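Chain order of the listed sequences is A and B.
For the first sequence, position 25 (counting from the first letter as 1) is numbered 24 according to numbering that gives the first Met the number 0, and the numbering increases by one without interruption.
For the second sequence, position 42 (counting from the first letter as 1) is numbered 41 according to numbering that gives the first Met the number 0, and the numbering increases by one without interruption.
Worth flagging that the hints you see were computed from the coordinates, not collected in a lab.
Only a predicted model underlies this, so the values are computations on that prediction, with no experimental measurement involved.
Please note that a few of the clues may not be correct.
Intra- or inter-copy, both count: the list cannot distinguish identical chains.
[Said to hold, decoys possible] Dumping the calculated DMTMM-like pairs for lysine to aspartate or glutamate here, alpha-carbon to alpha-carbon at most 25 Å:
| hint | residue 1 | residue 2 |
| --- | --- | --- |
| 1 | 13 | 23 |
| 2 | 41 | 26 |
| 3 | 53 | 26 |
| 4 | 13 | 57 |
| 5 | 41 | 14 |
As a plain string of letters, each chain reads:
Protein chains: 2
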Amino acid sequence: MTGFARARVKKMIKEAGAWRVSADAIDRLNEILADYTTNLAKYAVEIARHSGRKTVKESDIILAATK
Amino acid sequence: MTGFARARVKKMIKEAGAWRVSADAIDRLNEILADYTTNLAKYAVEIARHSGRKTVKESDIILAATK
Numbered sequence: 000m001t002g003f004a005r006a007r008v009k010k011m012i013k014e015a016g017a018w019r020v021s022a023d024a025i026d027r028l029n030e031i032l033a034d035y036t037t038n039l040a041k042y043a044v045e046i047a048r049h050s051g052r053k054t055v056k057e058s059d060i061i062l063a064a065t066k
Numbered sequence: 000m001t002g003f004a005r006a007r008v009k010k011m012i013k014e015a016g017a018w019r020v021s022a023d024a025i026d027r028l029n030e031i032l033a034d035y036t037t038n039l040a041k042y043a044v045e046i047a048r049h050s051g052r053k054t055v056k057e058s059d060i061i062l063a064a065t066k
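Take the sequences, apply the hints, and build the full model.
What follows is the structure, encoded as structure tokens:
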């Protein structure tokens, strides 16, 4: 399992206005989030390398998110 | 703080190939993820309501993610 804490994901769906949330809805959103995070992070790593750095900085994340 | 566990976010950035990650990079990605989750979840809640349901199902999440 490579996602985030299920309880946290569920809480965020509830905070978005949901009365009830099915278990597979939580798992699916968690998967989508993990994919989104991986893609964005990979792009941020590329940007950092392109800039000659080994450290991923906040500005790399910001630039990756504007893709 | 409304995001995910920092250690988890950091691990995912490292798994994406980062050598090092600055603390503010982790926090920024966490913020972006929280916004993304909230927006997607709100849309899924709207879709469920539109379908006359009080329960957010996996199919609502999938449809919301194709937006």
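| field | Hints the structure fails to honour | value | none
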